[in-house]
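Participant: Take a look at the letters that make up each chain.
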Amino acid sequence: MTQFLSLLLNGISLGAMYALIALGFVIIFKASEVVSFTQGSLLLLGAYSIARLSEPIGFLPAVVVGILLTALAAFLIERLVINRLRGAPVISLAIVTIGIDIILLTELIRRIGSDILNVPHPWGSESVRIGDVGISQNRLIATGVAGVLIIAFFAAFKYSSWGVAMRASAEDGETAALMGIRLGRVSALAWIVAGALAAVAALFLVGAPTPGVSAAAYTVALRAFPAAILGGLDSTGGALVGGLLIGLAESFAAGYQDQLLFLGRGFGDVVPYVVMIAVLLVRPSGLFGTKELTRV
Amino acid sequence: MLSVDALHVTYGGAVQALRGVSLEIPDGKVVAVLGSNGAGKSTLLRTLSGTLRLHRGRIDSGSVRYGDVALGSRDAAAAVRMGLVQVPEGRRIFGRLTVEENLRAGGMGNRDKAAKARARDRVYEMFPVLKERAGQRGLLLSGGEQQMLAIGRALMASPKLLLLDEPSLGLAPRIIGQIGEVIAEINRQGTSVLLVEQNATMALGVADLAYVLDVGEVSLSGSAAELARTDEVQRLYLGHDSDEPAAAEPTPGTRKTLSRWTA
Numbered sequence: 001m002t003q004f005l006s007l008l009l010n011g012i013s014l015g016a017m018y019a020l021i022a023l024g025f026v027i028i029f030k031a032s033e034v035v036s037f038t039q040g041s042l043l044l045l046g047a048y049s050i051a052r053l054s055e056p057i058g059f060l061p062a063v064v065v066g067i068l069l070t071a072l073a074a075f076l077i078e079r080l081v082i083n084r085l086r087g088a089p090v091i092s093l094a095i096v097t098i099g100i101d102i103i104l105l106t107e108l109i110r111r112i113g114s115d116i117l118n119v120p121h122p123w124g125s126e127s128v129r130i131g132d133v134g135i136s137q138n139r140l141i142a143t144g145v146a147g148v149l150i151i152a153f154f155a156a157f158k159y160s161s162w163g164v165a166m167r168a169s170a171e172d173g174e175t176a177a178l179m180g181i182r183l184g185r186v187s188a189l190a191w192i193v194a195g196a197l198a199a200v201a202a203l204f205l206v207g208a209p210t211p212g213v214s215a216a217a218y219t220v221a222l223r224a225f226p227a228a229i230l231g232g233l234d235s236t237g238g239a240l241v242g243g244l245l246i247g248l249a250e251s252f253a254a255g256y257q258d259q260l261l262f263l264g265r266g267f268g269d270v271v272p273y274v275v276m277i278a279v280l281l282v283r284p285s286g287l288f289g290t291k292e293l294t295r296v
Numbered sequence: 001m002l003s004v005d006a007l008h009v010t011y012g013g014a015v016q017a018l019r020g021v022s023l024e025i026p027d028g029k030v031v032a033v034l035g036s037n038g039a040g041k042s043t044l045l046r047t048l049s050g051t052l053r054l055h056r057g058r059i060d061s062g063s064v065r066y067g068d069v070a071l072g073s074r075d076a077a078a079a080v081r082m083g084l085v086q087v088p089e090g091r092r093i094f095g096r097l098t099v100e101e102n103l104r105a106g107g108m109g110n111r112d113k114a115a116k117a118r119a120r121d122r123v124y125e126m127f128p129v130l131k132e133r134a135g136q137r138g139l140l141l142s143g144g145e146q147q148m149l150a151i152g153r154a155l156m157a158s159p160k161l162l163l164l165d166e167p168s169l170g171l172a173p174r175i176i177g178q179i180g181e182v183i184a185e186i187n188r189q190g191t192s193v194l195l196v197e198q199n200a201t202m203a204l205g206v207a208d209l210a211y212v213l214d215v216g217e218v219s220l221s222g223s224a225a226e227l228a229r230t231d232e233v234q235r236l237y238l239g240h241d242s243d244e245p246a247a248a249e250p251t252p253g254t255r256k257t258l259s260r261w262t263a
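From first to last, the protein sequence lines stand for chains A and B. Residues in the first sequence are numbered consecutively from 1, following this note's numbering. Residues in the second sequence are numbered consecutively from 1, following this note's numbering.
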């Protein structure tokens, strides 16, 4: 039971990180109809900047600057590339983002090399015990921060002008433009938010129990893609549920791997994709995704 | 307040949609543009509202002047800010947004908070049913209510010139009558209206001036009352037989057809 609770708690905290990344993925898709594969390298950029800047300027300023830098990078990608390709086929745009991702990733990996950069989280790698259940402080804080961010995001999405503009242009871009909504601005803002969310996720994903920033952090973002897709690519609520589902599945598969030995070692690494495929087989547009509607 | 002069518009550099259209919208008037499918009505509206580029259309020559400003290369948001707001064809309300959110979306181009509040009061006063359903999703409204919402949404931007693209499309005759009254009321409150319609009875009933577009050109123009009396409009748009039969002896069994194929 203790093990179960511990895995549950860790799964939720991991899932909350995935949800942050997946949310960025979903709002980019909603605002600019681009399936953006840049989240992985943006995440790594965030982690890298925070790690490198912590030494000279201190941890907290490094976090702020790191988040701003990542948001800026996302903004530049939108302005310099995506916005100029408006009207290009969706597939081409997706491939373009893969290209950008690879360029950014290659440069970051060159800089990181084979090192593992340490991020000096002030909360260190201590664990806390809640009753019998142990969880690293890092994960616990991560869950809290992610929770607050997710609530703030959903509130803004529901009530703010930005949210209304965003949802209106996601539903019908041309009509939104006719109402005086600047589609370019909505799209740029979505990328900025997505970049910032990825950087926040990065901050915690490279903390305990993960040793630090290495090129491997990139693969974490890859697990957020199935989270976004199984939730439904155009559903923010879906991103949240998808993220939690993937986090829990991964945590349980890793925790009970002795009982799951018949599936082979390292099943935890592939379980996000297995879950995604299983969900899509039953619901092709994801749990909460809009079905492609045809007017009759 | 708006004048279009010898406007030529092509799509994708090949398809000519407008071939030298000139028209005037005087301040405070309702102007109707009639025409069948493919006559260039929507292209005209897209040019005015700045969405031509979204459809890969381009102004080849001619000019559109709104007051002292030359339109044309401006985008939709700029047009809205100048008070030129379009209600799109087929209503296109945001179905997943609530009625209230739809109205908020309509006011996005309007920076002035007080003006927005006034616009909202005016919309709710004009369409009480929208106030009753403020919290409902747009797609749950009936067709007529959706058209009211589409018009109300456009009014949120406090337009000086309202562009209406076929507001009668797919609505019951009784509702079409109501739409006509709404247009007249909006005009009475000081907004000029450009009304693009296939329903000539309603359009000519509410308009001061009218133009007939025909394959990218203006074929008839004049005051709405005058135009309603001409044979061509009677025959093509109002569904009345003209006084003297055009064909000398209509053969029994074959119905008289339109003189042109204008698909």
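Worth flagging that the hints you see were computed from the coordinates, not collected in a lab. The beta carbon of each residue, even a glycine, is placed where N, CA and C say it ideally should be. Possibly wrong hints are sitting among the right ones.
Just so you have them, the derived chain B footprint on chain A, three or more residues with Cβ under 8 Å [unchecked claim]: (1) 49-56; (2) 262-270.
Not everything, but these chain B residues come out facing chain A in the computed CB check (under 7 Å) [said to hold, decoys possible]: (3) G12; (4) R53; (5) L54; (6) A77; (7) V80; (8) G90; (9) F94; (10) R96; (11) R104; (12) G109; (13) G143; (14) G144; (15) A157; (16) D214; (17) V218; (18) S219.
Here are the simulated DSSO-like pairs of lysine-lysine, each with C-alpha atoms no more than 30 Å apart in a straight line [as the list claims (entries may be wrong)]: (19) B:K29 - A:K158; (20) B:K113 - B:K29; (21) B:K29 - B:K160; (22) A:K158 - B:K116; (23) B:K113 - B:K160; (24) B:K160 - B:K116; (25) B:K131 - B:K160; (26) B:K113 - A:K158.
Participant: Hint by hint, say whether it matches the structure.
Facilitator: Now for the hints, and whether the structure bears them out:
no., hint, in the structure
1, 49-56, "violated (count 0)"
2, 262-270, "violated (count 0)"
3, G12, "12 Å, violated"
4, R53, "9 Å, violated"
5, L54, "6 Å, holds"
6, A77, "5 Å, holds"
7, V80, "3 Å, holds"
8, G90, "9 Å, violated"
9, F94, "5 Å, holds"
10, R96, "6 Å, holds"
11, R104, "5 Å, holds"
12, G109, "2 Å, holds"
13, G143, "14 Å, violated"
14, G144, "19 Å, violated"
15, A157, "6 Å, holds"
16, D214, "26 Å, violated"
17, V218, "24 Å, violated"
18, S219, "28 Å, violated"
19, B:K29 - A:K158, "39 Å, violated"
20, B:K113 - B:K29, "28 Å, holds"
21, B:K29 - B:K160, "11 Å, holds"
22, A:K158 - B:K116, "20 Å, holds"
23, B:K113 - B:K160, "17 Å, holds"
24, B:K160 - B:K116, "14 Å, holds"
25, B:K131 - B:K160, "24 Å, holds"
26, B:K113 - A:K158, "20 Å, holds"
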